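Visitor: Those protein sequence lines, which keep their order, are chains W and R. Using this note's numbering, you'd call the opening residue of the first sequence number 1445 and step up by one each time. Using this note's numbering, you'd call the opening residue of the second sequence number 54 and step up by one each time.
These are calculated hints, taken from the structure and not from any lab test. Just so you know, these numbers come straight off a predicted model, no measurement behind them. Each hint should be verified, as a subset may be incorrect.
[Said to hold, decoys possible] Taking lysine to aspartate or glutamate and the EDC-like style, the derived pairs with C-alpha atoms no more than 20 Å apart in a straight line are:
id: 1; chain 1: W; residue 1: K1639; chain 2: R; residue 2: D769
id: 2; chain 1: W; residue 1: K1817; chain 2: R; residue 2: E74
id: 3; chain 1: R; residue 1: K817; chain 2: W; residue 2: E1549
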Amino acid sequence: MQHLPIFPILIPMLAAVFMLLPPLSNSINRHRVFAIAVMILLIISSALLLLTSHEQGTQMYILGGWQPPFGIALIADRLSTMMVLLTSVLALGALLYACAGDDNEGMYFHPLFMFQIMGINGAFLTGDIFNLFVFFEVLLIASYALLIHGGGKQKTKANVHYVILNLVASSVFLFALGILYGTIGSLNIADMASKVRLLGDQEQALVKSGGLLLLVVFGLKAAMLPLNFWLPKTYAVASAPVAALFAIMTKVGVYSILRIHTVIFGEDAGALAGIAIPWLWPLAILTLIIGAIGVLASPSLRLTVANLVLVSVGTLIIAIAMQREAATAAALYYMMHTTLVTGALFLIADLISKQRGKAEDRYVVARQMTHSKIIGITFFIAALTVVGLPPFSGFLGKVLILQSAQGLTESAWVWSVVLLAGVASLIAISRAGTTLFWRHSNGSNDSDPIHPLKIIAVVLLLSASPLLVIFGGPVTDFTNLAASQLHDTTQSVDALLIGGNK
Amino acid sequence: MNLLWVVLLPLIGTLVPLLTERFGRNVCAFSVALLPAWSLILVLMHVGEIFDGEAIRQTIEWIPSMGLDLSFRLDGLSLLFLLLILGIGLLIILYARYYLSDKDSMGQFYAYLILFMSAMVGIVISNNMIQLWMFWELTSISSFLLISFWSHKPDARKGARMALTVTGTGGLALLAGLLLLGNIVGSYDLDTVLASGDLIRAHAAYPIALVLVLLGAFTKSAQFPFHFWLPHAMAAPTPVSAYLHSATMVKAGIFLLCRFYPALAGTDLWFMIVSLTGLITLLLGAYIALFKHDLKGLLAYSTISHLGLITLLLGLNSDLAAVAAVFHIINHATFKASLFMAAGIIDHETGSRDMRKLNGLMKYMPHTATLAIVAALSMAGVPLLNGFLSKEMFFAETLDQSMLGSLSWMIPLLATVGAAFSVAYSLRFIHDVFFNGEPIDLPKTPHEPPRYMKVPVEILVALCLAVGIFPAYLVGDLLHAAAFSVLANDVPMHSLSIWHGFNIPLFMSFLAMVGGITIYYNRRHLFEFQAQFNEPDAKYIFEGAVQSLIKFTQRIMATLENGSLQRYVFLMLLFTLVMSAYPLFELTQNAGSRPQLPIDGVAITAALLLIISAIATVIWHRRRFLSLIYLSVVGLIVSLAFAKFSAPDLALTQLSVEIVTIILLLLALYFLPQSTQKESSNRRLSIDLTVSALIGCVIGTICFAMLTTPLNSISDFFIANSKTGGGGTNVVNVILVDFRGFDTLGEITVLGIAALGIFKLIAKMRIYVPTRDDKGRPWTKDRHPLMLAMVSQSLLPLALLVSVYIFLRGHNLPGGGFIAGLITSVAIIQQYVANGVLWIKPRIKVDYQWLIASGILMATATGLGSWIFDKPFLSTWFDHFHLPWVGEFELASAMIFDLGVYLTVVGAVLLILANLGKLTTSERVDNKENV
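Chain W extracted, bound-state conformation (with noise of 0.2 Å):
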């Protein structure tokens, strides 16, 4: 299986590729059907992919027999695959809910969707700075067509800010890949990484100023302060199966914070190291901050999950500006935590308000839900989680983050902030489930039967948060390593340029 690294890529594409052709254009039932198992096949691979990567070491993939640093490589270390079976788990849970009857509600769903997967997991693997351009791009711009799907006024004018913001973010990217290159030489992250240690004191500001440009670029992915603002009507008007899938679209934004700022510009990078540290501190916790505020201030059951994306994002970031083994090994539970549990909450927001009427999710008082038992048990699981109660996922990933920050200066920052946030969190959950669910008019509810697939998909999501904390003990191992492999040169550098091991 030499070409295992590459199916992650390969297998969405073609699949949004053959979906554009007859015989299963045109057809939405084979479109569903061909394309859960498709997600079913990615997710096999992604796992084998990770398995392969886990014990026999870093797999390199190097396209077109061009050795790095010359052509481009994929890098199928711990990090980029635990990054695309997550993907991969998450894409199933939004598909299946899609597949309920929201995926019909505009054209090329389905392609769009795959080839949304193809750039986010191309992302995560490219060991090329152009490359992960590339791939940003194929994200993006699928992002931008699944963002509207659905159509109406509120997702056009949302996708209009989202569309230009990222449009910005493009140009500055390339910016930064043409400084860098201009006076690093290459694309290749690795090849970077040691070419960045000789430069010279000229060259070096030059590259500072590049390095930091891309801080930009990530931060307004990740939706990092004082980018930030796009993020929560956004998510708010998507398409719940999308919105559930965008929930791993911030995440692209943090590993490339972590990918590029860990590896090119790391302890060993000399003058450079660690550029963008003193930016990360205080943006971080101003990000988390601000998504405190936006959660406790949210009218909405989405926009609080949307603002809940912004406290998860500042706590990812804090952690990532630890710069320490512990706290990316934290960053990285927390990441997989997050991801699924806050894509479960947008379905679970998507389910509830459909039963509500025109009341939709809002924190209002209206008509009782009919099938209130298995949301509420749903939403009550998501809360917990999400909030950071035990005995579900969120206050594992917390202790872990809090424990890695002992001992640094910056500690009691990260300590009450982020437990401060967990009070706003619950205050603010709390308040959206006693009224979502307790408080109701008595007039009569005719909501439609929910679709089995659609709680198939939330059980499905939800299901990582208790299955995290009973496998914590291996989770934690595997992301420790993932971590430790990440921090270590020699595995992330050194080893991915004399030719890796084929």
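With chain W held as given, fit chain R onto it using these hints.
Guide: What follows is chain R alone, placed relative to chain W:
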């Protein structure tokens, strides 16, 4: 024994009621009791060892990297609490069977109750701090569910939310405290932490850790100033109150104080915070309890007061006081649980809990009344009952401290005052409810409850009496074992007898009795005095605080997130500016060592033109058509620059992209208003101009510095290997289709997706179609000009031929699939322009969507082909062949890849343009018909 089962059995038991609910109330209640009872038996099997001073431990590894193990420890303190939790829990199960009405979901109630019970069990047998915290928060969550059980009542919802918020927040503080302790000690193992008391107390972080842990304990145990949630938790069904507020939830905080006593107690800080908090809570609770007309309200404040008493004892830093505290834990649990249950019976059988209406119940329910009176007397601290014993010990301890220096005498005095109020409210409970005339307007005629509903009360009252009379015999060992674990060393001598002779504590008891009776006798004056004050309702205050917090955050968000794209982009550019400019301060000189090219007139002219047209684009941005023309000038000059600096491929590409883009924009402009209003204020304009100018300067500086710095890059490799490795002399093309073919594959995918996305967007769009231009002239209704149509048609084969030529030579000379695709597209667009969509439709029967898909598929398939030869994706192959007439030529797999590129480009461009064009046409046709 497997300690895991002690907590696991009730946890599994959570599911039991949900399964057995359908078999009726008796079966359900009985089945629910089974697993906790089993768990209790497991515990009881080990009483002997624990009384001998042993502690039983069990550890299962769970998440080693965070120091979280499943770790259990059963010692005296745990045993005491387990007996309370499981024992009283079983009584509550029996009681609730009769309390709940048919409308309540019994299964749900029991499930929540047992979940709560498991969480409490988990807290008291944890031997790992993080695990302890897990169960701690689980009690907050399950108590939220219990308090809000009658979720249709606003009181229940608010009370539950308040309890969750206060205890949950305290829980987070506790987490921080425990993590800090773990950091100090280097382990989360409780055994280790408790054994490192000296290390902890000497550590600089001790005060912070202490305050955080105490925050957790005080919020849970409803200590001042966090006491306000407890009375509102009374909105819960009475069995819940009886359980949560006697033996469990609020005692969890006390348990925490006891548990960490060896590690944290013994310092002045501990004394100051814990004892003073306890004292204030004791007095406040006792005072307010007297004025509560609601039976459960009275009991709630009495609970607060007694918890304050226990806290005060623990805060005294004296071993004997700790023993007294543990003793009072037992006593309070027994009399308070029975009192709550009695209150529940009264409520259940009379329909009211208002003491102004409930009078003279002795006549109607003598049995219940007797039980309640005994329990209330125990609460008042009357001799021969257990409440008396611990109160005596408490008085003795308040005398035996000197921590407040010369003010120390105040503590026993205040303690006596508190006890007097305690006597007074107990008297009120007894006299108002059971005597004092006849009931007033009760919703139901009072009568005795079902037989078995009284059994739990009887058992508990019997315990009150028995412990009160034979203290040493009944609880001596248990108390000793529990005190032993609290103190973590030898328990001081204490005597558990009723009679200690005439001494000051006895005198204080007497004083409290007399005082209490006097207070109660003169209650009318006190009530009048109290009536002057507006009693603050914590519910409104809390809710008001939350509301104003939310309003405040909403104001912040409204200011920050105002939905203005302009602001978001501005912030982004500002951030970009800071990020790119800040490192430049370290750049000492702009020009590097690389020699600069001479500047010629053409270059200067082009540059000026570029600058002018760029500025003009911006200036006339509101006159879109004009702006577009200037934009095309920019594009043209960029193409020329590419051509000049030896990048003919780029120049060709840029040129064809320009053409296609401009056509597309023209089409789009048709739908937009021809000119727009001025939307930015001058101030805004000048700020925006400044930022963009600064960014321009910064990027210019960077470009200049970069271009003048010598570079050693990988591009030499490409030039060297283009012919030998990629089989082509055109390096740009070889890079595109071979060295970095994967990028190209990605980019054509982007193009394809863009086309699909645009089609998706406009397919269902109902768009306003203008019938006139900006000057009010109607669009022409002429047919397509014949000349143009003729010329276009005759040009088509030629254009196609050119594109084939460009395509074929691509590998060696400027050209390639991308450019060829654009040329073909332009040629076909030309047909659209000249003849209109309706004319083209029957003539070109190509599905552009398929064209895109097959293009991408072809490119991917080329890449996949290399797998057959066991090479990685997109490995290329090329060779030279010789055919007669044709001569020598080259065949390369990259050409098939390029063909894929070609097809995708054609498909994408035409899908977008044709559909955008169609939008205009079909609408205009409609308009004609309407006219």
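Visitor: Below or equal to 20 Å on CA atoms is what counts here, so check W/K1639 against R/D769.
Guide: Since the Cα atoms of W/K1639 and R/D769 sit roughly 16 Å apart, the hinted pair holds (cutoff 20 Å).
Visitor: Does W/E1549 sit within 20 Å of R/K817, going by the straight-line distance between their CA atoms?
Guide: holds, 11 Å
Visitor: Checking one constraint from the list: CA of W/K1817 to CA of R/E74, max 20 Å. Satisfied?
Guide: Distance ~16 Å between W/K1817 and R/E74 Cα, so the pair holds.
The structure agrees with every numbered hint stated previously.
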